[in-house]
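**Q** As a plain string of letters, each chain reads:
4 protein chains.
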Amino acid sequence: MAAFSAPDPEYATRVLASFDRQGIMRLIGAQMTRVEPGHVEIELPYRADLTQQHGFFHAGVTSTIADSAGGYAGYTLFPAESSVLTVEYKMNLVSPADGEKLVAIGRVKRTGRSLTVCELEVLAVKSGVAKSCAFGLQTLMCLPGRADMPQAG
Amino acid sequence: MAAFSAPDPEYATRVLASFDRQGIMRLIGAQMTRVEPGHVEIELPYRADLTQQHGFFHAGVTSTIADSAGGYAGYTLFPAESSVLTVEYKMNLVSPADGEKLVAIGRVKRTGRSLTVCELEVLAVKSGVAKSCAFGLQTLMCLPGRADMPQAG
Amino acid sequence: MAAFSAPDPEYATRVLASFDRQGIMRLIGAQMTRVEPGHVEIELPYRADLTQQHGFFHAGVTSTIADSAGGYAGYTLFPAESSVLTVEYKMNLVSPADGEKLVAIGRVKRTGRSLTVCELEVLAVKSGVAKSCAFGLQTLMCLPGRADMPQAG
Amino acid sequence: MAAFSAPDPEYATRVLASFDRQGIMRLIGAQMTRVEPGHVEIELPYRADLTQQHGFFHAGVTSTIADSAGGYAGYTLFPAESSVLTVEYKMNLVSPADGEKLVAIGRVKRTGRSLTVCELEVLAVKSGVAKSCAFGLQTLMCLPGRADMPQAG
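Chains as they are written, first to last, in the numbering used here: chain U, 1 to 153; chain C, 1 to 153; chain Z, 1 to 153; chain V, 1 to 153.
If we strip away everything but chain U, and leave its shape as in the complex, we get (with noise of 0.2 Å):
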């Protein structure tokens, strides 16, 4: 609903520059497939090493990439020199994480001077049918100055 306008012109640089310093995210096998203002998507297809006990995605995985989805979101909208942070979040599955792959949404809700709110959703898909399996909620911290990768030991 909410439309959002990005301060930074070159935040969808920024954010999937991000991305691929997450090291879980190449471990898992996702990708960012959408960068808007306020609004991004993150995919991950099936694989045997992502699941839980009864063979669907765990839970662990379907969050890990809802929060990456909330956290860009958020940070399309935050100064160019800045880093993202969870302060918390919560989710609810729904359904099983049953599918050929995921989708997760993360939309901004509210941005605030130094607290982002985030809404969360992810989609299983299976045989080509999408299907709500996770809605969460998300509270980011925008860091002005601090630099979004590791800092020298």
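These are computed hints drawn from the structure, not numbers from a lab.
What you were told as hints is all true, and nothing was included just to trick you.
If chains are identical, the list can't say which one is meant, so a pair holds when it fits in one copy or spans any two.
Here are the computed lysine-lysine pairs in the DSBU-like style, where the Cα-Cα straight-line distance is at most 30 Å:
1) Lys131 <-> Lys101
2) Lys101 <-> Lys126
3) Lys109 <-> Lys131
4) Lys109 <-> Lys126
Given the coordinates of chain U, work out where chains C, Z and V should sit on it, guided by the hints.
**A** Using the frame of chain U, we list chains C, Z and V on its own:
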């Protein structure tokens, strides 16, 4: 505080076997290090491919082991023929998950007929010193009579 | 987005009767202003005795009407002989609840056999302009066959 | 577990004065019964006008005193010239809030520069026996230099 007794004397064997079926735990290198009635711990050594953009453990990875620790803490108290699902959970990430390993602790707070509530805590161990980096609350559902493994398609 | 149909044609009468049994709603002066399948709204005019220390609506008051809006949104979809319980909920208070009235909106996101998930939103209406002051997620349980009123002691 | 010390020696006076400015606490009849650094308790005797449809305390009322207990637990540790806001909180309602009174307990888990995390617990005391009816987690924000009272319009 609360002391629980497990109705299934084989609870530890059952929990460890289920944990072994979670493909994601092998992928990230997590190990279950403690299994008692209503209390489970999971450890995860640091690897560069488990990180977010600052080089710390990703919040989703922290949550993945916390969710499994809580889920299996609940599962210790379930009957032999049953399965466990996470209904929802919430994590507060209170400091960077920075260290040579994480230890996730799941503790049952209350177990009911169908729903069980656990508290979650994750410690980051850095240079041998443990510090809480996340706290959570989780709701589990017991599925009586449901096999705890993939069902034949 | 989701469109729901109520299995009980008398759902609105049933919901309003249950709302009338909530003593707290009378005490604070809340009114149910919209009842549709999967969607309920509750309004609350400002009073000085509903406030926190800055003179705005207390977060607990905001939550009270949000919890009831979500609970009754779920209850519209439940069978005639049933009752509703809140299993858990989470609220993000994104701006001061400052205005001449609050409007709490509960919308069902997903309804299952025993559990239903709702999203919650509270608007603060100030000088006639509505602004979101809180977002939430809620898990409800349907108790089939349980009377929706006090049981004889 | 954690032991905190309050930087403001007048913390108890400051907390009680702020509590007295919460109009809702008078309306429902809540009393602050314990104030220590990082730990606050609030009690609420049963009244028929605090109930949901089954005659138990309404989940929103339970949350109202839990939110204030946590908020003031955090506030004990804040500087003299400051104010406290709830950023978000989550409650699990694990059993009916059925009894002659409720006791809400707020305990600080971690306090940082701007954000503080508390755990919340509510006991229902029935025939003199206390039983946990709700658990929660809460994020607070410290507003340094912000007066803890209504501002002149």
